[in-house]
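Given these sequences and hints, build the entire structure.
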Amino acid sequence: MPESTFTFRVEDTLKAAFADAAKQRDRTAAQLLRDFMRSYVVETQSSDPAYDAWLHRKAEAGERDYRAGRVISQEEATAKAAQRKAAILSQHETL
30 MPESTFTFRV
40 EDTLKAAFAD
50 AAKQRDRTAA
60 QLLRDFMRSY
70 VVETQSSDPA
80 YDAWLHRKAE
90 AGERDYRAGR
100 VISQEEATAK
110 AAQRKAAILS
120 QHETL
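Under the working numbering, think of the first position of the sequence shown as 30, with each following residue one higher.
Hints are supplied without guarantee of correctness; some may be wrong.
Computed list of lysine to any residue pairs in SDA-like fashion (alpha-carbon distance at most 25 Å, straight line) [said to hold, decoys possible]:
hint : residue 1 : residue 2
1    : 87        : 64
2    : 87        : 63
3    : 44        : 75
4    : 44        : 61
5    : 44        : 33
6    : 44        : 32
7    : 52        : 62
8    : 114       : 84
9    : 87        : 103
10   : 87        : 58
11   : 87        : 67
12   : 114       : 96
13   : 109       : 89
14   : 87        : 75
15   : 114       : 94
16   : 87        : 117
17   : 52        : 75
18   : 109       : 93
19   : 87        : 99
20   : 114       : 97
21   : 52        : 69
22   : 52        : 41
23   : 87        : 66
24   : 109       : 121
25   : 87        : 105
26   : 87        : 111
27   : 87        : 77
28   : 44        : 69
29   : 114       : 75
30   : 44        : 54
31   : 87        : 73
Derived DEER-like restraints, expressed as beta-carbon distance ranges [claimed, not checked]:
hint : residue 1 : residue 2 : range
32   : 117       : 71        : 34 to 42 Å
33   : 58        : 102       : 46 to 54 Å
34   : 85        : 57        : 36 to 44 Å
35   : 48        : 109       : 53 to 61 Å
36   : 37        : 75        : 35 to 43 Å
37   : 40        : 109       : 49 to 57 Å
38   : 86        : 114       : 24 to 32 Å
39   : 37        : 77        : 29 to 37 Å
40   : 91        : 111       : 18 to 26 Å
Think of the hints as simulated: they come from the structure by calculation, not from any bench. Remember, predicted model here, so these are calculated numbers, not experimental data. Cβ atoms here follow ideal geometry from the backbone N, Cα and C, with glycine treated the same way.
In structure tokens, the structure reads:
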């Protein structure tokens with residue numbers, strides 16, 4: 030696979046600390062940087078924009094409900110979840 034050089038500036042103290050940390054893990058700084066780059070690419074490519082947008086909308090709706098005082102206690106939420114679970118299980122038992 031063809032390779033190319035990646036050059037960037039970093040503070041001397043950060044470079045030295047990073048190199049020491051890599052050495053303690055029996056790796057070179059270059060190996061770790063390649064690992065970090067691969068991880069970053071995978072992480073950013075694996076995100077689903079539609080899911081991210083849905084999650085953002087849900088979080089905003091939850092914040093609006095909280096600010097408007099539309100909240101329930103942990104005990105109430107647990108009880109409601111238990112009721113839903115029981116209803117779902119009873120539906121599956123009749124199938």
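Results of checking the hints against the structure:
{"no.": "1", "hint": "87 - 64", "verdict": "violated (34 Å)"}
{"no.": "2", "hint": "87 - 63", "verdict": "violated (36 Å)"}
{"no.": "3", "hint": "44 - 75", "verdict": "violated (30 Å)"}
{"no.": "4", "hint": "44 - 61", "verdict": "holds (12 Å)"}
{"no.": "5", "hint": "44 - 33", "verdict": "holds (20 Å)"}
{"no.": "6", "hint": "44 - 32", "verdict": "holds (22 Å)"}
{"no.": "7", "hint": "52 - 62", "verdict": "holds (13 Å)"}
{"no.": "8", "hint": "114 - 84", "verdict": "holds (23 Å)"}
{"no.": "9", "hint": "87 - 103", "verdict": "holds (19 Å)"}
{"no.": "10", "hint": "87 - 58", "verdict": "violated (41 Å)"}
{"no.": "11", "hint": "87 - 67", "verdict": "violated (31 Å)"}
{"no.": "12", "hint": "114 - 96", "verdict": "violated (28 Å)"}
{"no.": "13", "hint": "109 - 89", "verdict": "holds (22 Å)"}
{"no.": "14", "hint": "87 - 75", "verdict": "holds (20 Å)"}
{"no.": "15", "hint": "114 - 94", "verdict": "holds (24 Å)"}
{"no.": "16", "hint": "87 - 117", "verdict": "holds (23 Å)"}
{"no.": "17", "hint": "52 - 75", "verdict": "violated (30 Å)"}
{"no.": "18", "hint": "109 - 93", "verdict": "holds (21 Å)"}
{"no.": "19", "hint": "87 - 99", "verdict": "holds (14 Å)"}
{"no.": "20", "hint": "114 - 97", "verdict": "violated (28 Å)"}
{"no.": "21", "hint": "52 - 69", "verdict": "holds (22 Å)"}
{"no.": "22", "hint": "52 - 41", "verdict": "holds (16 Å)"}
{"no.": "23", "hint": "87 - 66", "verdict": "violated (31 Å)"}
{"no.": "24", "hint": "109 - 121", "verdict": "holds (19 Å)"}
{"no.": "25", "hint": "87 - 105", "verdict": "holds (20 Å)"}
{"no.": "26", "hint": "87 - 111", "verdict": "holds (22 Å)"}
{"no.": "27", "hint": "87 - 77", "verdict": "holds (15 Å)"}
{"no.": "28", "hint": "44 - 69", "verdict": "holds (20 Å)"}
{"no.": "29", "hint": "114 - 75", "verdict": "violated (31 Å)"}
{"no.": "30", "hint": "44 - 54", "verdict": "holds (16 Å)"}
{"no.": "31", "hint": "87 - 73", "verdict": "holds (21 Å)"}
{"no.": "32", "hint": "117 - 71: 34 to 42 Å", "verdict": "holds (35 Å)"}
{"no.": "33", "hint": "58 - 102: 46 to 54 Å", "verdict": "holds (51 Å)"}
{"no.": "34", "hint": "85 - 57: 36 to 44 Å", "verdict": "holds (39 Å)"}
{"no.": "35", "hint": "48 - 109: 53 to 61 Å", "verdict": "holds (54 Å)"}
{"no.": "36", "hint": "37 - 75: 35 to 43 Å", "verdict": "violated (25 Å)"}
{"no.": "37", "hint": "40 - 109: 49 to 57 Å", "verdict": "holds (53 Å)"}
{"no.": "38", "hint": "86 - 114: 24 to 32 Å", "verdict": "holds (26 Å)"}
{"no.": "39", "hint": "37 - 77: 29 to 37 Å", "verdict": "holds (30 Å)"}
{"no.": "40", "hint": "91 - 111: 18 to 26 Å", "verdict": "holds (21 Å)"}
This entry does not satisfy hints 1, 2, 3, 10, 11, 12, 17, 20, 23, 29 and 36, going by the numbered hints stated previously.
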